[in-house]
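Note that the protein sequences, when read in sequence, are chains A and B.
Here my numbering is used: the first sequence runs in plain steps of one and ends on residue 1189.
Here my numbering is used: the second sequence runs in plain steps of one and ends on residue 1189.
Do not rely on the hints blindly, as some may be mistaken.
Identical copies carry no separate label here, and so any pair may be met within one copy or between two of them.
Quick list of in silico lysine-lysine cross-link-like pairs, DSBU-like style, CA-CA up to 30 Å [said to hold, decoys possible]:
id: 1; residue 1: K1125; residue 2: K1109
id: 2; residue 1: K1023; residue 2: K1171
id: 3; residue 1: K856; residue 2: K1123
id: 4; residue 1: K1157; residue 2: K956
id: 5; residue 1: K1130; residue 2: K807
id: 6; residue 1: K1130; residue 2: K1105
id: 7; residue 1: K919; residue 2: K1051
id: 8; residue 1: K978; residue 2: K1130
id: 9; residue 1: K956; residue 2: K1181
id: 10; residue 1: K815; residue 2: K956
id: 11; residue 1: K966; residue 2: K956
id: 12; residue 1: K823; residue 2: K1130
id: 13; residue 1: K908; residue 2: K1108
id: 14; residue 1: K1123; residue 2: K1023
id: 15; residue 1: K855; residue 2: K1171
To be clear, the hints were calculated from the coordinates, so they are not data collected in a lab.
In this text, all values refer to a predicted model and were calculated from it rather than measured experimentally.
2 protein chains.
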Amino acid sequence: MTAVYSSKVDLQAREKALKILYEKFREVLKSIMDGNPPKLVIKKRTLSNTVYDPEKKLLLLGDATFERSFLDLREARKFMQTLLMASIIYESLTNGEYPTIRDLYYRGKHTIRYRKLPSKAIGEENTWEEQSESDSVIRDIEVFTNVLREEMLILSKEKGKVVGELKIRSGDDVIDLSKMGHGAYAIEPTPDLIEFVDVNAEFVLVIEKDAVFQQLHRIGFWKKYRAILVTSAGQPDRATRRFVRRLNEELKLPVYVISDSDPYGYYIYSVFKTGSITLSYESERLATPQARFLGVMMTDIFGSDKLRKKPYLTEEERKNFIIKAKERDIKRAKELREYPWFKSDRWQLEIDEFLTRKVKLEIEALAGKGLKFLSDRYIPEKIEVGDWIV
Amino acid sequence: MTAVYSSKVDLQAREKALKILYEKFREVLKSIMDGNPPKLVIKKRTLSNTVYDPEKKLLLLGDATFERSFLDLREARKFMQTLLMASIIYESLTNGEYPTIRDLYYRGKHTIRYRKLPSKAIGEENTWEEQSESDSVIRDIEVFTNVLREEMLILSKEKGKVVGELKIRSGDDVIDLSKMGHGAYAIEPTPDLIEFVDVNAEFVLVIEKDAVFQQLHRIGFWKKYRAILVTSAGQPDRATRRFVRRLNEELKLPVYVISDSDPYGYYIYSVFKTGSITLSYESERLATPQARFLGVMMTDIFGSDKLRKKPYLTEEERKNFIIKAKERDIKRAKELREYPWFKSDRWQLEIDEFLTRKVKLEIEALAGKGLKFLSDRYIPEKIEVGDWIV
Chain A
800 MTAVYSSKVD LQAREKALKI LYEKFREVLK SIMDGNPPKL VIKKRTLSNT
850 VYDPEKKLLL LGDATFERSF LDLREARKFM QTLLMASIIY ESLTNGEYPT
900 IRDLYYRGKH TIRYRKLPSK AIGEENTWEE QSESDSVIRD IEVFTNVLRE
950 EMLILSKEKG KVVGELKIRS GDDVIDLSKM GHGAYAIEPT PDLIEFVDVN
1000 AEFVLVIEKD AVFQQLHRIG FWKKYRAILV TSAGQPDRAT RRFVRRLNEE
1050 LKLPVYVISD SDPYGYYIYS VFKTGSITLS YESERLATPQ ARFLGVMMTD
1100 IFGSDKLRKK PYLTEEERKN FIIKAKERDI KRAKELREYP WFKSDRWQLE
1150 IDEFLTRKVK LEIEALAGKG LKFLSDRYIP EKIEVGDWIV
Chain B
800 MTAVYSSKVD LQAREKALKI LYEKFREVLK SIMDGNPPKL VIKKRTLSNT
850 VYDPEKKLLL LGDATFERSF LDLREARKFM QTLLMASIIY ESLTNGEYPT
900 IRDLYYRGKH TIRYRKLPSK AIGEENTWEE QSESDSVIRD IEVFTNVLRE
950 EMLILSKEKG KVVGELKIRS GDDVIDLSKM GHGAYAIEPT PDLIEFVDVN
1000 AEFVLVIEKD AVFQQLHRIG FWKKYRAILV TSAGQPDRAT RRFVRRLNEE
1050 LKLPVYVISD SDPYGYYIYS VFKTGSITLS YESERLATPQ ARFLGVMMTD
1100 IFGSDKLRKK PYLTEEERKN FIIKAKERDI KRAKELREYP WFKSDRWQLE
1150 IDEFLTRKVK LEIEALAGKG LKFLSDRYIP EKIEVGDWIV
């Protein structure tokens, strides 16, 4: 069935991934055949080996490695799991499958029976109990082979959407993202397989909230300002991040991010820009170091003497729109304040303002002030005068 | 801006909604001018006035009404809120806005100052404190005017996606849903404004889980079986439900729903089919009484002597795939068992089987058994032999 109905792009991607997996694991096999103990050398994915690179402006994996050895009792189980998962992925690539990490977990889950020594009694051990175990070895395989899961045709749920002045080729189709009517184009889980065919946009606007994306889309924001409009619908998933990165890197389009004005909103921006702590080994491909935080800023709400900036909200609007920060917001802001990638003066000013005022603001409050205020004043004005943080 | 960039369809929808709102509230005004006390007569949205209609197979609002009177002290606040919200919606329609329920909350939120009697001291009262208050009057306005929020161009976030053998007109564009590449079409929040242009499909398959939707899409399921593939990405939102209903009602396509085999999955199916308890006033337009539950059924997992049905899973697969039900699953199943729309013999058999076995199964487990098993055997076979519950 796959041979007939899968796209050519997928068939090529399969061949490529199969080749790399084959070569990487053949080396392991060769080493064993040469009489060496079975082992894998993999970069450590620990927090201590996650480094913020101020030059590249990315969270990256450091150079520390560890050995996963079959003959080490503590590592034998993990070694087995890694090879089992690699073989399942290899097989699924061969068979034209499109697994998810959840069904890879199911595919590999079974009980191994063995004879205990010296008693020779029958022992039983499950390959893995929880998905966290199988997910962990998938990450190891990504790091070990330098092939991302998407390149191995492993799919996932996908929330990201896009509309705007862009034509893409996906699978066997060419899709005009300016012809989506009132709906939008749901980004595929494998955005590296997208080809950019034609672009007529001047910038990319990423909106954290789907409902606000719908509003700006419907009012024609991207037509008027020749933009590409993207929503991550909350915390961005891998595909949305990779898609945004490619728009920035390959099409040379500036990327502006808009989120709620609170530590969770700021962090969503930083995931786009710098990468996430748990997936630092992928920042180099998923993060967009040039992404600009357009708002909502604390200084948009209250203005700033230091920046000679006037507030966008009146006293009365602030009274009605702002929300008192919760204890966990304060706690989160204090954590953010210490992250190296928030250490710039500009960010410290925003975070300090948050910690002083102890209030937050949703992006919907600006739409509540008038959708035209948001689309025809707030956004274009801030872009024009350069009121963003990078 | 709106006049230039909004679609013709939206402009027409605005005019229509404005006309109805104007007429409905003019009646209220006229009655007041005639010397009657200011009041609104609205159908009750209480649980006791939510009735399951076994003929229509829908959860509907009964005929009981209540009066919201300005001169009743308990109702004066609600009366004011309802008229305030109606005027904000009316104004936003006039101004070419696309509000969300969240920003309608912000738009209306302010403090009213008044003189207390007899002391003549200044009193203050907020129009509303929480969004639950403003949401509640939006529902009242929908029921009172018989105009759904979507018809008033109130937007919302939207999770539903679709691909398949269907061409639609949305806004000013014609979109071929069989030309979405590896991505999908994200359904608009106002699906009543969609026009079906051309259909070449034989059935609709609704997949609860986005990741499984991605898999079936990518393997070409809808091409091979000439289907329209929809995902609700979890609990279905209003737009996805309305879209599915229209596919069934207007295109006469059978609708099959696939979810996890647990009470939450069964309930998701029943929301598609019967409506939800809180939105019963909209069932008549949002629910699809003919929707068929294709699986995953308890009897798919274990077979059934009574139905002379063989299980789809082997003993060994059951051991690896099934998950022990939690206390809250059991509790939920017992509630489901008592809902009138689950009272058929066939559903009682499934629910009893669940309560006896106390286990559940995710749809991903079937994909784990092989995506081709899911797409080329399980789904087509069950459709062919008619193994669904209606």
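How the hints compare with the structure:
In this assembly of identical chains, K1125 and K1109 lie within 30 Å of each other by CA distance solely inside one copy; the values are 26 Å within and 55 Å between copies. In the homo-oligomer, the alpha carbons of K1023 and K1171 lie at most 30 Å apart inside one protomer (12 Å), although the nearest pairing across protomers, at 46 Å, exceeds that limit. Taking CA atoms no more than 30 Å apart as the test, K856 paired with K1123 passes in neither setting, with 32 Å inside one copy and 45 Å between copies. In this assembly of identical chains, the alpha carbons of K1157 and K956 lie at most 30 Å apart only when taken from different copies (28 Å versus 35 Å within one copy).
Taking the shortest Cα distances, K1130 and K807 never come within 30 Å of each other, neither inside one copy (50 Å) nor across copies (48 Å). Taking the shortest Cα distances, K1130 and K1105 sit within 30 Å of each other inside one copy (26 Å), while across copies they are farther apart (58 Å). Taking CA atoms no more than 30 Å apart as the test, K919 paired with K1051 passes in neither setting, with 65 Å inside one copy and 65 Å between copies. In the homo-oligomer, the alpha carbons of K978 and K1130 never lie at most 30 Å apart, since the shortest distance is 44 Å inside one protomer and 47 Å across protomers.
In this homomeric assembly, K956 and K1181 come within 30 Å of each other (Cα to Cα) only across copies, at 25 Å, whereas the closest approach inside a single copy is 34 Å. In this assembly of identical chains, K815 and K956 lie within 30 Å of each other by CA distance solely inside one copy; the values are 23 Å within and 38 Å between copies. In this assembly of identical chains, the alpha carbons of K966 and K956 lie at most 30 Å apart whether taken from the same copy (23 Å) or from different copies (24 Å). With identical chains, the CA atoms of K823 and K1130 are never at most 30 Å apart, being 44 Å at best within one copy and 50 Å at best between copies.
Taking the shortest alpha-carbon separations for K908 and K1108, only the inter-copy value of 26 Å comes in at or below 30 Å, while the best intra-copy value is 59 Å. Taking the shortest alpha-carbon separations for K1123 and K1023, neither the intra-copy value of 35 Å nor the inter-copy value of 54 Å comes in at or below 30 Å. Proximity of K855 to K1171 under the C-alpha cut-off of 30 Å is found in neither arrangement, the shortest distances being 37 Å within a copy and 43 Å between copies.
When each numbered hint is compared with the structure, violations occur for hints 3, 5, 7, 8, 12, 14 and 15.
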